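Protein chains: 2
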Amino acid sequence: MAFILTFLGKGGSGRTTVAIAAAKKLASLGSRVLLAGQDPGPAFGLLLGISPSPDPQEISPKLAAVQLLSTVLLERSWEEAKELEAQYLRTPTLKNVYGQELGILPGMDSALALNAIREYDKSGNYDVIVYDGPGNFSTLRMLGTAEILSWYIRRFRQVLSESDLGKALSPFIQPITSAILNVSWSPDDLSQEGNNQGTQLLEEGKAALADPNRVAAYLVSGDDPAAIATAKYLWGSAQQVGLTVGGVLLNQAEATEAIASEFAPLPLTSLPSRTGADWQSLIDALPDFRQGAQAPKPITIDTANRQVRVFLPGFDKKQVKLTQYGPEITVEAGDQRRNIFLPPPLNGQPVKGAKFQGGYLIISL
Amino acid sequence: MAFILTFLGKGGSGRTTVAIAAAKKLASLGSRVLLAGQDPGPAFGLLLGISPSPDPQEISPKLAAVQLLSTVLLERSWEEAKELEAQYLRTPTLKNVYGQELGILPGMDSALALNAIREYDKSGNYDVIVYDGPGNFSTLRMLGTAEILSWYIRRFRQVLSESDLGKALSPFIQPITSAILNVSWSPDDLSQEGNNQGTQLLEEGKAALADPNRVAAYLVSGDDPAAIATAKYLWGSAQQVGLTVGGVLLNQAEATEAIASEFAPLPLTSLPSRTGADWQSLIDALPDFRQGAQAPKPITIDTANRQVRVFLPGFDKKQVKLTQYGPEITVEAGDQRRNIFLPPPLNGQPVKGAKFQGGYLIISL
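Residue numbers (the working numbering), protein chains in the order written: chain S, 11 to 375; chain E, 11 to 375.
One thing to keep in mind: the hints can contain errors.
It does not matter which identical chain is meant; a pair holds if it fits inside one copy or across any two.
[Said to hold, decoys possible] Once the Cα atoms are required to be at most 30 Å apart in a straight line, the calculated DSBU-like pairs of lysine-lysine come out as:
1. 72 with 362
2. 105 with 331
3. 327 with 216
4. 362 with 132
Rather than coming from a laboratory, the hints here were simulated on the basis of the structure.
Given the structure is predicted, the values throughout are model-derived calculations rather than measurements.
Isolated chain S, as found in the complex (with noise of 0.2 Å):
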């Protein structure tokens, strides 16, 4: 099991050069390190010195480099699919059509980078694996996945499987899922709560995610305004999926006491500017990564005292919402909503009191 570590910040703020940097620091520092790009773009190449390619290569030592293509990923999870398929179907439908002719859809990029961090964790090859994302959101959207699938597959399940859209597709579940996820998933799955395949690999994304040790981000920023208010609002969309930010870096910025003000209590680095090819003083001047394990949970359950903690920096009172519709609790915050699945005796039980104090959402139930 890896160490998972990305960074979030406004565009230009330098996400890529940090994560390059941070790649080679922990490499230097002994730990196998995968820095995984998802960009598709050359600017990770023409950053890190070499032609990137779509399979791990090792650039110095302990230190591989992989530009994560979905071209490349779908191509190889559609063989793997149609082999599933195979066996699954009595008249397979996918065998007619190539991995080569697939285009990648909205969503897709997400879902296959998601599945090959996934494998490369589990290949046990890697201490670490950086992960540089695409953008901001599409980061947030893709480690959220898990979370959010397992929602959907809860609150449809039992809706599903006494329609006649449940009957009519629960034979093909298995390979369906299995085309996505890679993984095989029980035929009867729709009608069953137990511990089948799918649900057990979305509760490992969820626990990793979970988990600071597991997964980290750090958010990247200037001084200027939007930057800062921007890795604020990033730090806050980060607790809505359960990712627990560790630490702010200031990109070619003086670490003021306003900035800290603005992050507390999150610690604060300054980092010099990179200059041409002498990576040394950026790489010195990173933190250590494993510290933001100590950084606020994003979510804590009180039992005790009947109290949910939802840590929400970033955001005022009025960009929070809470509803209580269906069975369990939905903060809606950052353009996202995550429903919070409550353990007995809390489960079922309606929504109290809420009060919104030093970055915590205290709801009372």
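Chain E: place on chain S using the hints.
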């Protein structure tokens, strides 16, 4: 029908600033303009000097602004989907699930934004829609959706209609596609070639994208090598989705001959920096965006000479892959695949040869 204008360029190159200036300019020239920003963060509002809302609000004469929020759009689509489902299914499955609790999965942002733009376009309220996407590839994937989804439908219609899965899914195609695309789709659509509403919608989307008087992009770049290389790559990538690129905007950089030769035959425009609330010098420097229609077309099919010419600037020969596994020709470049459906008499003909010349991939049949 509105003219839809968007901007592509490396993060931090000033895409959003240029989009705002373009919207202001077009409104000042008399067009009714909608400026639609999709990044949910605070930068859009800070640059615009307003607190943006998820519904269009007039911010100056003839200029309205909207911040597309997936949570809001999904909630609305869900309510419409519930109504449609209740009309078509004997046992509605959706009625007990509330729009207010739905989370956002990867891909939903693009699908919802595309649908919102389509509806604003159809409303007749705007002459121009300036779209500021959350990232280059999310914009390209979104604009490519009609083309690629058409291919998936074309390719899988035959395959599916002969399969068990197709027979089982058939009665549910209409409510499902209604929920996503907000149009009704006739239930026998799987086995039908015809002009149903869903196919028509995709054809309209493809026709709009293929017409540079309806949809165009401009590249935004600085003069540093990574920004220029990224802009060139995006130029080629735009052709792959059939999006015409009208010109290059050099933000706070001189239009040198070296840069001009990189982007020939596109016109270059040098833009001054913007200081504080003074947008006028930036607005004055912007080109006439309607001139973009003179740029090279992404694809030309010459049946007389049995040639297909695909404009692919910014890529070299090694980065372009041509295959013919399925019934169509597939061009792979820039982490995208474009399937070319040929009219008779070229349809179904094998590729006899291909060469790369002056930025064009020339395929002989």
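Against the structure, the hints come out as follows:
| no. | hint | in the structure |
| --- | --- | --- |
| 1 | 72 with 362 | neither (53 Å within a copy, 46 Å between copies) |
| 2 | 105 with 331 | between (47 Å within a copy, 22 Å between copies) |
| 3 | 327 with 216 | within (27 Å within a copy, 43 Å between copies) |
| 4 | 362 with 132 | neither (43 Å within a copy, 45 Å between copies) |
Hints 1 and 4, counting from the list given before, are not met by this structure.
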